[in-house]
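Trainee: Chains as they are written, first to last, in the working numbering: chain A, 3 to 302; chain B, 30 to 431; chain C, 28 to 288.
Don't read these hints as lab results, they were simulated from the structure. Here the structure is a predicted model, which means the values were calculated and not measured. Careful: at least some of the hints might be erroneous.
As the list claims (entries may be wrong) - Selected chain A positions facing chain B (in silico; Cβ < 8 Å):
hint : residue
1    : L21
2    : S25
3    : S158
4    : S225
5    : T254
6    : Q256
7    : D264
Said to hold, decoys possible - If you want the footprint, here are the derived chain B segments under chain C, 3+ residues with CB under 8 Å:
hint : stretch
8    : 114-123
9    : 134-140
Unchecked claim - Simulated restraints on C-beta separations:
hint : chain 1 : residue 1 : chain 2 : residue 2 : range
10   : C       : T69       : A       : R295      : 55 to 61 Å
11   : A       : L96       : C       : L151      : 56 to 62 Å
12   : B       : G185      : C       : P64       : 53 to 59 Å
Don't be surprised by glycine CBs; every beta carbon is placed ideally from N, CA and C.
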Amino acid sequence: MAGSHTAVRAVGLPRRTLLRRSSASLHRRPWLRLGGLLSAPLLWLGVAYIGSLAALLVTAFWSTDTFTGDVVRVWTLDNFAQLWQEDVYRTVVLRTLSVAVLVTVLDALLAFPIAFYMAKVATPRTQKLLVVAVLMPLWASYLVKAYAWRIMVSDSGVIESVLGVTPGFGLVAATLTLAYLWLPFMILPLFAGLQRLPDSLLDASEDLGARPGRTFRSVVLPSVLPALAAGSIFTFSLSLGDYITVEIVGGTSQLLGNVVYDNIGAANNLPFAAAMATVTVAVMVCYLAAVRRTGALDNL
Amino acid sequence: MAVTSVRMLATLSALTLAIAACGTSGGDEDTGSTSGGGFSAPDVAMLEEVGKGEGELNILAWPGYAESGQTDPSVDWVSPFEDETGCKVNVKDFGTSDEAVSLMKTGEYDVVSASGDASLRLIAAGDVEPVNTDLVPNYADVADFLKDRAWNSVDGQMYGVPHGWGANPLMYNTKEVTPAPDSWSVVFEADSPYAGEITAYDSPIYIADAAMYLKETQPDLGIEDPYALDEEQLAAAVDLLKQQRPNVSEYWSSATQEVSAFRSGDTVVGTTWQYNASLAQSKGTPVKTVVPEEGITGWSDTWMVAAESEHTNCAYMWLDWIVSPQINAEATEWFGEAPANLAACDLASDENFCDTYHATDEKYAESIYYWNTPVAECLDGRTDVTCTDYSDWTTAWTEVKG
Amino acid sequence: MRWLLRAGVAVALAFIYVPLLVVVITSFNSDSTFSWPPAGLTLRWWSAAAQNDGALDAVVTSAQVGLAATAVALVLGTMAAFALSRHRFFGRQTISLLVVLPIALPGIVTGIALNNAFRTVLGLDLGFVSLVVAHATFCVVVVFNNVAARLRRLGGNVEEASMDLGATRLATFRMVTLPSLASALLAGALLAFALSFDEIIVTTFTAGAEIETLPVWIFSNLFRPNSAPVVNVVGTVLIAVSIVPIWLSQRLSGDTAGGRL
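Next up, chain A with everything else stripped away, as it sits in the complex (with noise of 0.2 Å):
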């Protein structure tokens, strides 16, 4: 044993320190930890955020003084039963919901090639340079984008130099663009979960003799659903809720998100603009909950 000097020396216990047997008592109790763990983000998230929803949407049940906009604090269904009633509710809220899946399946089917390149087919160095190119325009301004789009789809813009036509503003550029910027919200979760599909499915379907098509449509889709339904969690409620895209490129069509704010700006009518919000609340509740039963919450 040349040059080592390895005596076995008495190791003592670790001093009794506060800090020690604190740790060990939290040890010997995980629902302390798990309180002292969950009491900071359930008091922010679950008192303050669920109690500012609840209190907006209380308001919902209340109405309002049409002249002055103050809140008139009288238990009613009014809002609810006009926004059931009048057939513009009904039709903007219809429209709102097309177009967020418009713009989901439109960004599912962009992002997918480019996510399983990433994924699967990218020498380690082109996925790297491919994710800064994915991430890079999340940075760049939401309203430059915008004006950007706004700007291609005028007449004689980018568009109309290029294919000779242009959809001009409405609904179709109001797609286009949302499905724009979303789209990394789409190819993030893809790209993370066609990272977790193991090669060897894929060599051993071939080996199996399924052509692509087959096995992209009985081994890739399957696993990658949770992700692809994680991903649709955002473009479906970030389209849901969106004005200013709709404002900036919709030319004279107005969405559920406009609706609302145009009741609390215009008529100041926040009771009116809390029944409209109760139902993209309702609605992303329900998606969240069919979602979820796809295991999307833990892909995302």
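Given chain A, put chains B and C in place with the hints provided.
Mentor: Just chains B and C now, with coordinates in the frame of chain A:
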């Protein structure tokens, strides 16, 4: 956890207390004295004496009303104000009167340049206070036809200081729109040759433009004042606007929007502010404005003081500043509207400024249908019907946009 | 099949970058009304932007808000992630739903809810604090997801081994867990910062009059036709500058390079 439940309980009780304590609604105050506006102005204290400046002022203004050199370094009447009074200024712009009303509700602003479709709502909600015009020396020089009007005063009490006034003429692209239009039919009729290239203002107040058109084209509706519409008249206006909608390329809510649309050719004709027209012309877009035969709507903006303001002294200083001859000349010339202070005419950099904007033409000024706030008690004096109010107009506007 | 994939990648990249190219080109457009094709090229907007104090102040404000919100989100998100990954308890699913809610609900709902709560219910003034609270609320989920995913992969064995060897919980956290979480925390923090930096809708309702973040500044400048083009300059600079933090996170992190939303 015990701490969490205590906090939850505290929040819940706070909520309940707030709910209980706030008692009955503001709506019950309608039993107060009514003016021609059909509402009661709540009791809000008025300043009796202007003291020392508080060192800060938050201004809510139409874009171009409170320039501080940001748009053009030579266009600045905010910095001299700051130097002279020591009130540091923060300016926030808004695009429509509705935004202004909701922003004023936040209580964050001290003065606001309110148009007639916002002013009465602000007064009724108690968001602005009456203005003691004795404390504003330059008020004496304001044109008489702007004082004690339906939109800026209640029972003879002024609620602000007029800034200027302007109209919403028809703008058209001289190359694309020939012959030059002389009627609003070019934007309202279904068979307009410019279908798909029309623009309109994105605000419920635009309904008044439709009503003004109907006043001439459908006289049996009996519309006298485009801001006093009963249900039947409102329905007719809404039908006209719904008829217009498929032909509209875009509803504009900011000057940048309208000017860029005219520039790119997406729009060739529609309602505008003189400001937008001047801007488009300065960029080389071939546009002209015209006053159609059915008349035009317009606006006269009033600088109002917030009721909850913590900087009332600075606010009054601003009021006096903005309506002083030199500054009023600068501000109104920059924006493109007639000044409230007629002494400004001699100080404008363009000697024809006041002529261009008909500033001294009282007859012209009287012919404009100024933005006013629709209220239930008919503004035209009818007592046999209830008129529709602004919230009805807002619902109607949502319906028009579809 | 291969070329189909490559074509798809090309289409996606083109889709992503053409509008950004339009932004860059427009920043040189001598016409200030967003015309196309550009009437002429000028460096006017670039020099105006360089001298524009408002823009610089706005960037600083946004950075401050972003850092504060990210810090809060880091703490809360990590705590929640630990709670959910290391313990089994009733209501676990609900908590994970709760964490996602602020980002799953439309911004306008979160905005007016928080605005209503701050001003009407609590009677507080809007300002820096209200804004940071609002931003932190939706940033938590981003940190939470990254940390939770990493914790799932790590498993609890290393931590237990550390404690068996006599380290306190705190020491274990400091010397064993934290280093392994580092890249996840970084990825989460970067994404949270990016989300907060570019947020406009919730900010409109919770910032108040005095706070001007960059998106608010851009929004108000779009109202002023004569200075609107400066926003394109700002946008271009942001895109260029963003390469730095993203590349940095790439170098420092492992596999899930982009981080999880």
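Trainee: Now look at each hint and say whether the structure bears it out.
Mentor: A quick look at each hint next to the structure:
{"no.": "1", "hint": "L21", "verdict": "22 Å, violated"}
{"no.": "2", "hint": "S25", "verdict": "20 Å, violated"}
{"no.": "3", "hint": "S158", "verdict": "6 Å, holds"}
{"no.": "4", "hint": "S225", "verdict": "39 Å, violated"}
{"no.": "5", "hint": "T254", "verdict": "5 Å, holds"}
{"no.": "6", "hint": "Q256", "verdict": "5 Å, holds"}
{"no.": "7", "hint": "D264", "verdict": "7 Å, holds"}
{"no.": "8", "hint": "114-123", "verdict": "holds (count 3)"}
{"no.": "9", "hint": "134-140", "verdict": "holds (count 4)"}
{"no.": "10", "hint": "T69/C / R295/A: 55 to 61 Å", "verdict": "56 Å, holds"}
{"no.": "11", "hint": "L96/A / L151/C: 56 to 62 Å", "verdict": "38 Å, violated"}
{"no.": "12", "hint": "G185/B / P64/C: 53 to 59 Å", "verdict": "58 Å, holds"}
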